[in-house]
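J.: Position 148, counted from 1, in the sequence shown is what the working numbering calls 148; the numbers after and before it change by one each time, with no gaps.
There is no bait here: all hints are sound.
Result set (DSS-like, lysine-lysine): computed pairs, CA atoms no more than 27 Å apart in a straight line:
| # | residue 1 | residue 2 |
| --- | --- | --- |
| 1 | K62 | K52 |
| 2 | K141 | K107 |
| 3 | K107 | K146 |
| 4 | K52 | K95 |
| 5 | K95 | K62 |
| 6 | K108 | K95 |
| 7 | K154 | K143 |
| 8 | K117 | K107 |
| 9 | K146 | K108 |
| 10 | K143 | K95 |
| 11 | K143 | K107 |
| 12 | K146 | K95 |
| 13 | K154 | K141 |
| 14 | K141 | K95 |
| 15 | K107 | K95 |
| 16 | K108 | K141 |
| 17 | K108 | K143 |
| 18 | K154 | K95 |
FRET-style restraints, in silico, Cβ to Cβ:
| # | residue 1 | residue 2 | range |
| --- | --- | --- | --- |
| 19 | S122 | S171 | 27 to 33 Å |
| 20 | K143 | Q68 | 33 to 39 Å |
| 21 | D86 | D48 | 28 to 34 Å |
| 22 | A153 | V78 | 33 to 39 Å |
| 23 | K117 | A69 | 48 to 54 Å |
| 24 | P158 | L110 | 32 to 38 Å |
| 25 | S94 | K52 | 27 to 33 Å |
| 26 | K117 | R28 | 54 to 60 Å |
| 27 | E31 | L162 | 33 to 39 Å |
| 28 | S127 | T21 | 46 to 52 Å |
These are computed hints drawn from the structure, not numbers from a lab. Remember, predicted model here, so these are calculated numbers, not experimental data. We put the beta carbon where it would ideally sit given N, CA and C, even for glycine.
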Amino acid sequence: MNNGTVIKAQFPSTVYEAEKTRLYDLLRSVEPQQTVTYEQMTSVCGQDVRGKYRGILYAVLKRLEHEQASSFEVVRGVGYVCLTNDGIVGSSTSKVYRLRRAGRRIKKQLAVAEYTKLSSLSQIAYSVNMAIAHVVSEGTKAKTRKALEAASAKTIGPVLPLTDTLALLASKS
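From just these sequences and the hints, can you work out the full model?
T.: What follows is the structure, given as structure tokens:
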């Protein structure tokens, strides 16, 4: 029972608790734009965080994101870099572009299926999946992105309201 005190998220008790704690302390001390190499993490942690023990690293990164508001990104073949606020936005932008490609791939894959030969449940799943893939691929086009940027510039607050976003998407299709 919680008596009003703040309960911090803790790692589940495992045999790797000490490794997680050491890695957490290392990554918590990293400044934005500073890179931590895999070798540094492995030497502090005592386990190779690139292979079998990568779950230790993922758990620590998740904990840092929740408790310390720190975000890291992979530097391929090197390690992880601590992102600045602008770096976080840039990273999310590249992930949005990947969403567009994923949406287009899903639509192409579904187009191969013969809708009339599907069971009624599969037809519903087909329609739902195609609708979601369509929204993702169309909603991430450069033209739509520019319209969303213009609408966001007029919005008070950090997020464009969902109703405005959906109305804008409907007008672009």
